[in-house]
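> Listed here are the chains, written in short residue letters.
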Amino acid sequence: NAGVTQTPKFQVLKTGQSMTLQCAQDMNHNSMYWYRQDPGMGLRLIYYSASEGTTDKGEVPNGYNVSRLNKREFSLRLESAAPSQTSVYFCASSEPTTQYFGPGTRLTVL
Amino acid sequence: KQEVTQIPAALSVPEGENLVLNCSFTDSAIYNLQWFRQDPGKGLTSLLLIQSSQREQTSGRLNASLDKSSGRSTLYIAASQPGDSATYLCAVRGTYKYIFGTGTRLKVLA
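Heads up: the protein sequence lines correspond to chains A and B, in order.
Letter by letter, the first sequence follows residues 146 to 255 in this note's numbering.
Letter by letter, the second sequence follows residues 56 to 165 in this note's numbering.
Because the hints were derived from the structure by calculation, they are not lab data.
Worth double-checking, as some hints may not be accurate.
What the hints assert, rightly or not - Pairs of lysine to aspartate or glutamate, EDC-like flavour, derived with a Cα cap of 16 Å: (1) K152/B to E240/A; (2) K152/B to E204/A; (3) K152/B to D201/A; (4) K97/B to D183/A; (5) K56/B to E204/A.
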């Protein structure tokens, strides 16, 4: 069981470039989440997917899009990266109780 | 709108001390509350989960309590060790979404 995996681990982008962060879980969880973590701000929810085929906005969805490709995979896309999107991005999945996190992607936008 | 606050933001204690970390939330309509540990540069690891109907949970040297009516949870760490040094975050769960506090950064001095 790999749990929740994320790729890439690190990424540097220039302003205006696009990229997709990948997330996969092998625990057969229905719910998946994308968070960003900034110093002093805690984790803030970007988007979540309560089940395959559904996605909903969280606290800070602007500038992002998501795709729940199947039950295992939930990707996060930055269409036109901005320096304000420099952050650490975490993917998570949950059963009705516990939430499990991936190791994170450290993204820098220059 | 649910808001989660953790006090103090940082704490240094000598090895062996018992300590309490605090988490407060504004909306008592929660499904559960979860405490996480985060080591520098790493993802989040679940420590304890308390369902809304429960008052406390214990795991080894850790004990978490929940008082929904007052919107408070505490994480008690007994006989602290240098290996306990990390950031501790609490999160409350609504229907699908988790709201995180900003964390308490703990340093246990040898």
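> So, for every hint listed, does it hold in this structure?
Checked hints:
1. Between K152/B and E240/A the alpha-carbon distance is near 12 Å, which keeps this suggested pair within the 16 Å criterion.
2. With a CA separation close to 10 Å, the supplied pair K152/B and E204/A stays within the 16 Å bound.
3. Under the criterion of a C-alpha separation no larger than 16 Å, the hint pairing K152/B with D201/A is consistent with the structure, at around 10 Å.
4. At most 16 Å may separate the alpha-carbon atoms for a hinted pair to count; K97/B and D183/A meet this at roughly 14 Å.
5. At most 16 Å may separate the alpha-carbon atoms for a hinted pair to count; K56/B and E204/A meet this at roughly 11 Å.
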